[in-house]
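Protein chains: 2
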Amino acid sequence: MAVGDVTMPLMHVVQGVKIGSTEAYVRYPNRRDLVIFEFAEGSNVAGVFTQSAFAAAPVLLSKKHLAESASQKQPRYLIINTGNANAATGTIGYKNAEATCAKLAELTGVQSSQILPFSTGVIGEQLPIERLLQGIQPALNDLNADRWADAASGIMTTDTTPKGASEQFELDGVTYTMTGISKGAGMIRPNMATMLSFVATDAPISRERVQSLLQTTVEHSFNRITIDGDTSTNDSCIFVATGLAGGTEITTQDDPRYQQVLDVLARIMNRLAQLIVRDGEGATKFITVQVEGGANTQECCDVAYSVAESPLIKTALFASDPNWGRIVMAIGKAGVPNLDSSKVQVWLGDVQICLDGGANPDYTEEAGAAVMAEKEITIRIDLGRGTAKDTVYTCDFSYDYVKINADYRS
Amino acid sequence: MAVGDVTMPLMHVVQGVKIGSTEAYVRYPNRRDLVIFEFAEGSNVAGVFTQSAFAAAPVLLSKKHLAESASQKQPRYLIINTGNANAATGTIGYKNAEATCAKLAELTGVQSSQILPFSTGVIGEQLPIERLLQGIQPALNDLNADRWADAASGIMTTDTTPKGASEQFELDGVTYTMTGISKGAGMIRPNMATMLSFVATDAPISRERVQSLLQTTVEHSFNRITIDGDTSTNDSCIFVATGLAGGTEITTQDDPRYQQVLDVLARIMNRLAQLIVRDGEGATKFITVQVEGGANTQECCDVAYSVAESPLIKTALFASDPNWGRIVMAIGKAGVPNLDSSKVQVWLGDVQICLDGGANPDYTEEAGAAVMAEKEITIRIDLGRGTAKDTVYTCDFSYDYVKINADYRS
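Protein sequences, first through last, are from chains A and C. Number 1 in numbering that gives the first Met the number 0 belongs to position 2 of the first sequence; there are no gaps in the numbering. Number 389 in numbering that gives the first Met the number 0 belongs to position 390 of the second sequence; there are no gaps in the numbering.
Just to be clear, a hint being listed does not mean it is correct.
Note that identical chains are pooled: a pair holds if it fits in a single copy or bridges any two copies.
[What the hints assert, rightly or not] 35 Å max Cα-Cα, derived DSBU-like pairs, lysine-lysine:
{"#": "1", "residue 1": "K374", "residue 2": "K94"}
{"#": "2", "residue 1": "K374", "residue 2": "K63"}
{"#": "3", "residue 1": "K94", "residue 2": "K63"}
{"#": "4", "residue 1": "K374", "residue 2": "K72"}
{"#": "5", "residue 1": "K342", "residue 2": "K388"}
{"#": "6", "residue 1": "K102", "residue 2": "K388"}
{"#": "7", "residue 1": "K17", "residue 2": "K62"}
{"#": "8", "residue 1": "K374", "residue 2": "K402"}
{"#": "9", "residue 1": "K63", "residue 2": "K402"}
{"#": "10", "residue 1": "K94", "residue 2": "K17"}
{"#": "11", "residue 1": "K94", "residue 2": "K342"}
{"#": "12", "residue 1": "K388", "residue 2": "K72"}
{"#": "13", "residue 1": "K102", "residue 2": "K402"}
{"#": "14", "residue 1": "K72", "residue 2": "K402"}
{"#": "15", "residue 1": "K402", "residue 2": "K17"}
{"#": "16", "residue 1": "K388", "residue 2": "K62"}
{"#": "17", "residue 1": "K374", "residue 2": "K62"}
The set of hints was computed from the structure by calculation and includes no laboratory data.
This is chain A alone, in the form it adopts within the complex:
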């Protein structure tokens, strides 16, 4: 079960966004597995994608269509299937992604390049393309502004809970909405994961600013979570601004409204990213790893990921065992150049466990055990060599992680 409060909030409608879904039987019968987003004409769309060398066919095609839209018409539709990632599927997989876009284009009268396809699920198998194509019209028939919760369910794979975030906010007296969904529970590591996220607002934001807002916020949200250190072939995050709630377009970062939108988007993206960790495969605890006192951000992240991805630490967290020597091990192996271990401090929650690189003489096992018994635990590390800091979010490593991943395909 997911850790902490993961309830779906009231998912406010975003003007200019409609969503439809259907049961296309991509992998399993009788489950909602095909979702279509429709954006009003004039919407501005930005995306960021996996850096995997084995990026899936839909990722390659979505990137191509987004690049083309810089000089042509903006994307009007997203089409997302779960159950099959259409990754490592070669030429056939790419043609299937193209066929999906072509069919949706034919049924809606837009250009094929105005459609962005997304897939998530098992890697290395071909899409059941006929069933998928047959599902498009039913999904279109379902299009409605008030379908965000359905969409959140319709993109799940091993997720145990749908993931959503939604806010209303005011800029210069106009009320706007921002709503988003995400999915992902395994194969999660920076530069995204088998992670899909779609966020939309009806605020008026230029294409360039939609892109810069997305890139800025993804860096400290989806690019700072890890469940298993594995990076997926299909990670995609899309941010759309329809502009339909009115107001003049935000075109520069100097516009005071830019920072206000950035704050809202950062909260939404952080929530959607952390929901993925809270629903991490087999997770029983939500872990925040804060590293400070670094010479630069890179080494803070290196240490934070070394801790957050250590199976020995993750199993100790699962066992509620304050075996802090393993934390020190992970700091030591992170490759920070010329790290002086005698300047390193480590805290479990508010309890300092490591003082100047050694055991804190005031530390008691009881104090450490009390922190470890919590469901939400912060590990804080001071490297004692600068002012840089960064934070990574992860979960523990349980029997259920093995069970879920040993059984996933069956």
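Take the given structure of chain A and dock chain C to it, following the hints.
Only chain C this time, still in chain A's reference frame:
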């Protein structure tokens, strides 16, 4: 249980090496946990150690003593305790390591700098130094040439089986012996692990050649294994040549005997390293990851480790599920610059699962499942961009891995 044949061979005596051990109650009563090696005067000793920034006190002191021995007398004794790593123990830990050497020096009449200390076990707790010091004389009383098997047991932590290798070989008509032991089952990743290994021969080899033989062979043995991607604070590997079996000293790599010794040492080291993987925490399978067709060795290793350390692949191996998409995922995330996925081939055993970056049309699930049902599995990857190749060894990831590491300290 360990995977495959891990039986201890006949452990041939090495002339000039004596071993003693005792129950010092470092952590648990009634177990052999303190081991002393004695080398004949004139032995040449080389060592390689963890690269962790949190290298343990005994590692720091052993490195110091070895460095000093370059200009002074060579090491005569190793003293090894299990149950406590004496790592992240600050000044007290360092003084305890010094006190251990001083006591052994006093009892044997050598200089303190001729003693190399080693510890393995829990990190972040101080040694029970009084009990350890009291154990030294009983261990010395036990010194005997025929104690290699006892020593292999006496350095175990979460190991389920003692680990040894031994060979007799002939150089220019003289028969020599090489015998070694190792320990380690978790916190195993290149540049060694919570891994200790001690190998000795009675062949006559100069100090410089002892060092070059060790460095050459460790690179493709202990530096090519991974269980959990975690690197320990205490990894140490020692190679000793006593020269007591006679013959003229091997002083250059041009001596034809140098290559012959190298071959023997490589076999011994590979066996000792692979025994650690076969006894990996919770391991049910022994996995060989061969990467070929790389532009250079580094990228072959990057891909091999990415595959060997992926929790998703390791759990699929545990489940005997030929979920080869996860292998492609791991290749994709390895960071190989400009990798052309359409040139990548992947085999499970002899079964080609991925052809030119996509699913092999001739592949059948039955063929893949047959390979996955084996206890020893080779994953072979051709990157299709060069002639470099390398191999990494690992094991699968089971419920028992979680159980062992969630319970270790209790």
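Structure-based check of all given hints:
no. : hint        : result
1   : K374 x K94  : neither (46 Å within a copy, 39 Å between copies)
2   : K374 x K63  : neither (43 Å within a copy, 44 Å between copies)
3   : K94 x K63   : within (14 Å within a copy, 63 Å between copies)
4   : K374 x K72  : neither (48 Å within a copy, 55 Å between copies)
5   : K342 x K388 : within (16 Å within a copy, 40 Å between copies)
6   : K102 x K388 : neither (48 Å within a copy, 45 Å between copies)
7   : K17 x K62   : within (22 Å within a copy, 67 Å between copies)
8   : K374 x K402 : both (21 Å within a copy, 19 Å between copies)
9   : K63 x K402  : neither (38 Å within a copy, 46 Å between copies)
10  : K94 x K17   : within (27 Å within a copy, 70 Å between copies)
11  : K94 x K342  : between (56 Å within a copy, 19 Å between copies)
12  : K388 x K72  : neither (41 Å within a copy, 47 Å between copies)
13  : K102 x K402 : neither (39 Å within a copy, 50 Å between copies)
14  : K72 x K402  : neither (46 Å within a copy, 55 Å between copies)
15  : K402 x K17  : neither (37 Å within a copy, 47 Å between copies)
16  : K388 x K62  : both (32 Å within a copy, 33 Å between copies)
17  : K374 x K62  : neither (39 Å within a copy, 42 Å between copies)
When the structure is compared with the earlier hints, violations turn up for hints 1, 2, 4, 6, 9, 12, 13, 14, 15 and 17 and for no others.
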